[in-house]
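S.K.: One-letter residues, chain by chain:
2 protein chains.
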Amino acid sequence: MQPPETPAPAGPFSQSEQDAVYRAIFTRRDVRSQFTDRPLSDALLMRLLKAAHHAPSVGFMQPWNFIVIRSAAVKAQVQDAFSRANAEAVGMFAEDRRPLYSALKLEGIATAPVNLCITCDRTRGGKVVLGRTHNRDMDIYSTVCAVQNLWLAARAEGLGVGWVSIFHESDMRLILNLPDHVVPVAYLCIGHVDSLYQTPELQAKGWQDRLSLEDLVFADRWGNAKAPQD
Amino acid sequence: MQPPETPAPAGPFSQSEQDAVYRAIFTRRDVRSQFTDRPLSDALLMRLLKAAHHAPSVGFMQPWNFIVIRSAAVKAQVQDAFSRANAEAVGMFAEDRRPLYSALKLEGIATAPVNLCITCDRTRGGKVVLGRTHNRDMDIYSTVCAVQNLWLAARAEGLGVGWVSIFHESDMRLILNLPDHVVPVAYLCIGHVDSLYQTPELQAKGWQDRLSLEDLVFADRWGNAKAPQD
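Chain order of the listed sequences is A and B.
Each residue of the first sequence is one higher than the one before, counting from 1 in this note's numbering.
Each residue of the second sequence is one higher than the one before, counting from 231 in this note's numbering.
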């Protein structure tokens, strides 16, 4: 075995392993309503957090923290903050969209056994971080990579994850007692699921269709149509 | 078979499938130097882009575009932009860190057969997007989720990915002809690899160690130590 300071042989996964990775990617859903009441063990939760902790981070900064929320009182405060913001949100849409918007369930805060806030500490690693010298938001991007790692691991484990984003950040800061230098990047509801939508829920319910991938690909510069595929 | 409008049974993956997902997560690396000169086919590239396109997105907004760069001329312009920014970057570090910083190879722009810029169109989906009413950056976060999906699919396919972030955004906008409403979120170098570091390269080379996960986990509110694990 080579020492860890040296690259070691690393080829493609077997076909069945590749299939498993793509299965996680293609069948992952944003879950609001499918959480069962089965408890989520700390051991399983720590497997998810380990997956998140192995995300790429700029300068190996690892700017994330994980606030695991099991307290019903904290969840209730978050639920209130969501409800206030969501009442504001509905009025922002065109009138013909409001009935459908109001009919959508957009969170599972109280029903998910665990809520998880993944934060970004913007001071971690000191004032100058490798790779963050010209884009200050690379630490936030790293934190989002951790979210996606966790989401895919959760799918494989039979857990659903829902990302709730309809809050005033100031409410979240107050509820979770966040210091000024820490940004709440993602608020996730996590729990076991027995079923999932086969397409994204917003597609299944007629809110928005999937775009054609081919229309989103350019060659070399913005706007250059990509040549026909092999 | 149930219609797509209804949740369908969805349990945990088999143990071997779970192992494959975790293998992708734990063995993914940020690659700068291990690209081989084996060409990257369009068919394989499109599998990666399909994985990216199945990322979660706020309001199913799908704000991403994919600029596939195979042109040596465009790569050379990007390489120049990187070199200028990196020369500025080295001077930002404390003197005792500069020799190691300068010794690190931080990009594989010219050696990777494909460069890929993943962008975020901040106007997609109209002025009001579900879930983005209270956090305008949720579209950027969605785009980063697409990056991480692609990165994990690439690992399974035997491809390396390196994220290059040391640029002035204005240079990238000019080179890729980006409209004002489109943000370049990630500039990636992609190619086949035969070997990878067993730990993150910045750890292997003594730049930064991995933090202890347990120290990053709080209970219910910031700063509350998590109870001992099961």
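If you are wondering where the hints come from, they were derived from the structure by calculation, not from laboratory data.
One thing to keep in mind: the hints can contain errors.
As the list claims (entries may be wrong) - Straight line, CA to CA, 25 Å or less: simulated DMTMM-like cross-link-like pairs of lysine to aspartate or glutamate:
1. B:Lys357 to A:Glu95
2. B:Lys280 to A:Asp209
3. B:Lys357 to A:Asp215
4. B:Lys357 to A:Glu5
5. A:Lys75 to B:Asp445
6. B:Lys335 to A:Glu88
7. B:Lys335 to A:Asp137
8. B:Lys280 to A:Glu214
9. B:Lys335 to B:Asp351
10. A:Lys50 to B:Asp439
11. B:Lys435 to A:Glu5
12. B:Lys280 to A:Glu95
13. A:Lys226 to B:Glu235
14. B:Lys456 to A:Asp42
15. B:Lys280 to A:Asp42
16. B:Lys335 to B:Asp445
17. A:Lys127 to B:Glu247
18. B:Lys305 to A:Glu169
19. A:Lys105 to A:Asp37
20. B:Lys305 to A:Asp215
21. A:Lys205 to A:Glu88
22. A:Lys50 to B:Glu235
23. B:Lys335 to B:Asp410
24. A:Lys50 to B:Asp267
25. A:Lys105 to A:Glu5
26. B:Lys305 to B:Glu247
Unchecked claim - Partial list, derived from the structure: chain B residues whose beta carbon lies under 8 Å from chain A:
27. Pro239
28. Gly241
29. Ala434
30. Val447
31. Trp452
32. Ala455
To be verified - Which stretches of chain A does chain B cover? Using the computed rule of at least three CB atoms under 8 Å from a CB of chain B, they are:
33. 5 to 11
34. 61 to 70
35. 106 to 112
36. 127 to 135
Where is the CB? At the ideal position from N, CA and C, for every residue including glycine.
S.K.: Can you confirm whether the C-alpha distance between Lys75 (chain A) and Asp445 (chain B) stays at or below 25 Å?
M.R.: 23 Å, holds
S.K.: Are Lys335 (chain B) and Asp410 (chain B) close enough, with their CA atoms no more than 25 Å apart?
M.R.: 31 Å, violated
S.K.: Would the hint on Ala434 (chain B) be counted as holding, given a Cβ-Cβ threshold of 8 Å to chain A?
M.R.: 5 Å, holds
S.K.: Counting residues of the stretch 106 to 112 of chain A that have a beta-carbon nearer than 8 Å to any beta-carbon of chain B, does the count reach 3?
M.R.: violated (count 1)
S.K.: With the threshold set at 25 Å, check whether the alpha-carbon distance from Lys305 (chain B) to Glu247 (chain B) stays at or below it.
M.R.: The hint is violated at about 37 Å.
S.K.: Are Lys456 (chain B) and Asp42 (chain A) close enough, with their CA atoms no more than 25 Å apart?
M.R.: Measuring from Cα to Cα gives roughly 10 Å; hence the hint holds.
S.K.: Do the alpha carbons of Lys50 (chain A) and Glu235 (chain B) lie within 25 Å of each other, as the hint requires?
M.R.: 33 Å, violated
S.K.: Between the stretch 127 to 135 of chain A and chain B, are there enough contacts, at least three residues with CB-CB distance under 8 Å, for the coverage claim to hold?
M.R.: That given contact holds, which follows from 7 residues of the stretch 127 to 135 of chain A lying within Cβ reach (below 8 Å) of chain B.
S.K.: Can we keep the Pro239 (chain B) interface hint, with Cβ of chain A closer than 8 Å?
M.R.: 5 Å, holds
S.K.: Sort out whether Glu169 (chain A) lies within 25 Å of Lys305 (chain B), counting only the CA atoms.
M.R.: 39 Å, violated
S.K.: Between the alpha carbons of Lys435 (chain B) and Glu5 (chain A), is the straight-line distance 25 Å or under?
M.R.: 7 Å, holds
S.K.: With the threshold set at 25 Å, check whether the alpha-carbon distance from Lys226 (chain A) to Glu235 (chain B) stays at or below it.
M.R.: 33 Å, violated
Figure legend: structure checked against the earlier numbered hints; hints not met, in rising order: 4, 6, 9, 12, 13, 15, 16, 17, 18, 22, 23, 24, 25, 26, 32 and 35.
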